[in-house]
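S.K.: The residues making up each chain are set out below.
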Amino acid sequence: MKKFTPARIRTWFQIIYTIMTNGYAYGFLKGKIYKGPLKYACVPGLNCYSCPGAVASCPLGALQNALNKRNFEVPFAVLGFFFIFGSVFGRFVCGWLCPFGLVQDLLHKIPLFKKRKQLPKHHILKYGKYVTLVGMVLIGSVFLFTGFAKIPAFCKFLCPSGTLFGAIPLLSTNKMLQGQIGGLFFWKLAVLIAIVLLSIKVYRPFCQYLCPLGAIYGWFNKFSLVQIRWEKDSCVSCGKCQEACPVNLSPEQISVSSECIRCGKCVDACPANCLKFCGKREK
Amino acid sequence: MKKFKIPKWSIGVALGVIFLVLGAFGDQFAEIYRKAVMICLECIGIG
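Chains as they are written, first to last, in my numbering: chain A, 182 to 464; chain B, 22 to 68.
I should point out that these hints are in silico values taken from the structure, not numbers from a laboratory. Heads up, some of the hints might be wrong.
[What the hints assert, rightly or not] Below, a sample of chain A positions facing chain B; criterion: calculated Cβ distance under 7 angstroms:
{"#": "1", "residue": "Y207"}
{"#": "2", "residue": "K220"}
{"#": "3", "residue": "Y221"}
{"#": "4", "residue": "Y230"}
{"#": "5", "residue": "N246"}
{"#": "6", "residue": "L260"}
{"#": "7", "residue": "C336"}
{"#": "8", "residue": "F366"}
{"#": "9", "residue": "F404"}
[As the list claims (entries may be wrong)] Within a straight-line C-alpha distance of at most 16 angstroms, the following computed EDC-like cross-link-like pairs (lysine to aspartate or glutamate) qualify:
{"#": "10", "chain 1": "A", "residue 1": "K331", "chain 2": "A", "residue 2": "E424"}
{"#": "11", "chain 1": "A", "residue 1": "K250", "chain 2": "B", "residue 2": "D48"}
{"#": "12", "chain 1": "A", "residue 1": "K216", "chain 2": "B", "residue 2": "E52"}
{"#": "13", "chain 1": "A", "residue 1": "K295", "chain 2": "B", "residue 2": "D48"}
[Claimed, not checked] Pairwise CB distance ranges, derived in the manner of DEER restraints:
{"#": "14", "chain 1": "A", "residue 1": "Y207", "chain 2": "B", "residue 2": "K24", "range": "53 to 59 angstroms"}
{"#": "15", "chain 1": "B", "residue 1": "I32", "chain 2": "A", "residue 2": "V417", "range": "24 to 30 angstroms"}
{"#": "16", "chain 1": "A", "residue 1": "K216", "chain 2": "B", "residue 2": "K24", "range": "28 to 34 angstroms"}
{"#": "17", "chain 1": "A", "residue 1": "K296", "chain 2": "B", "residue 2": "R55", "range": "39 to 45 angstroms"}
{"#": "18", "chain 1": "B", "residue 1": "V42", "chain 2": "A", "residue 2": "G204", "range": "25 to 31 angstroms"}
Backbone N, C-alpha and C fix where the C-beta goes; we use that ideal spot for every residue, glycine too.
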């Protein structure tokens, strides 16, 4: 009988989680969005609140909306969600609780193109997500204007989750919105198509190079509760964990790197059982 | 004697809870809700 290892159950976990957080089926049928009380709260992953099925709010959208206010005030509520999700899960959120991460994982399973873990110049490009966080989410939301109104720069110009989960289902059923499609929509569609195509070849390019949420949760990764513990003494240095790691981390780096999304493939691959999921207290 | 050390993640969670409470006092959840129940035209690329 097959063992229930983390990497084996992850895809199903992601699918069930995505259905649960985007389960407002009526919205998909009628081209409307959910307006119930769950939208007072944010989900941990990138999940556009204009997705017809979304039952809660997107943390990045909420952060930008708070920064778009005329009079600046610290967005405590959104920071609260980030601190709780980040401190408990770190980038486990990216690996297990992000609908757009699931989409990229599934795309990467398509047997087309020769697969790559990373893009060339990865060591430089990986900082792209911090540039997006600072440039588009923080500075962009405070200083970019259209007319007199500030704009959520990341949502407006880059977010592929909004196009895939929000725009496409809404525009396909809502005739009133269809009449308003313009250049911006086609720009966002082009971004989405580029990321979709790249995801077939490279493992999670959006998460590795562009996602501001990954940058935020990466900061919590070193001290979050959910960790992958490496027992150095029982390691046989076979290199199988690094080979299996989709972001190419060595066992020394796994528990401390801001790039590890806690997918658990290293745990499955280790023949000596020296890599384990654990809560921080076990250490 | 072994010294008890507060784990960093629990400090993060405590800070998170404090931030949520401060956000609630500042009516920021209503702000999140107001934005989330309107179709975000920027998010879907037509605003």
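S.K.: Hints first: check each against the structure and report whether it holds.
M.R.: Hints and how they fare:
1. For Y207 of chain A, the shortest C-beta to C-beta distance to chain B is roughly 14 angstroms, which exceeds 7 angstroms, and the interface hint is violated.
2. Proximity of K220 of chain A to chain B holds as hinted, the smallest CB-CB distance being about 4 angstroms (cut-off 7 angstroms).
3. Evaluation of the Y221 of chain A hint against chain B yields a held restraint, the C-beta minimum of about 5 angstroms falling below 7 angstroms.
4. For Y230 of chain A, the interface hint holds, the least distance from its beta-carbon to any beta-carbon of chain B being 4 angstroms, beneath 7 angstroms.
5. Of the supplied interface hints, the one on N246 of chain A holds, with its beta-carbon coming within about 4 angstroms of a beta-carbon of chain B, less than 7 angstroms.
6. The beta carbon of L260 of chain A is positioned within 7 angstroms of a beta carbon in chain B (closest approach about 5 angstroms), and the interface hint is therefore held.
7. Hint status for C336 of chain A: holds, given a least beta-carbon distance of 5 angstroms to chain B, under 7 angstroms.
8. Nearest Cβ of chain B to the Cβ of F366 of chain A: about 4 angstroms, under the 7 angstroms cut. The hint holds.
9. A distance limit of 7 angstroms between C-beta atoms decides the matter here; for F404 of chain A the minimum to chain B is near 4 angstroms, and the interface restraint holds.
10. In summary, the hint linking K331 of chain A to E424 of chain A is not supported, as the alpha carbons are separated by about 45 angstroms, beyond the 16 angstroms threshold.
11. Simply put, K250 of chain A and D48 of chain B have alpha-carbon atoms about 13 angstroms apart, close enough for the 16 angstroms limit, and the pair holds.
12. Of the pairs offered as hints, the one joining K216 of chain A and E52 of chain B holds, with about 14 angstroms between alpha carbons and a cut-off of 16 angstroms not exceeded.
13. Taking the CA atoms of K295 of chain A and D48 of chain B, the gap is about 51 angstroms. The hint is violated against a cut of 16 angstroms.
14. Range check, Y207 of chain A to K24 of chain B: about 56 angstroms between beta-carbon atoms, so the 53 to 59 angstroms window is met.
15. The hinted window of 24 to 30 angstroms between I32 of chain B and V417 of chain A is violated, with their beta carbons roughly 36 angstroms apart.
16. Look at K216 of chain A against K24 of chain B: about 51 angstroms separates their beta carbons, and that is not inside 28 to 34 angstroms.
17. With their beta carbons about 44 angstroms apart, K296 of chain A and R55 of chain B fall inside the hinted range of 39 to 45 angstroms.
18. Against the hinted window of 25 to 31 angstroms, the Cβ-Cβ separation of V42 of chain B and G204 of chain A comes to about 29 angstroms, which satisfies the hint.
In summary, the numbered hints that this structure violates are 1, 10, 13, 15, 16.
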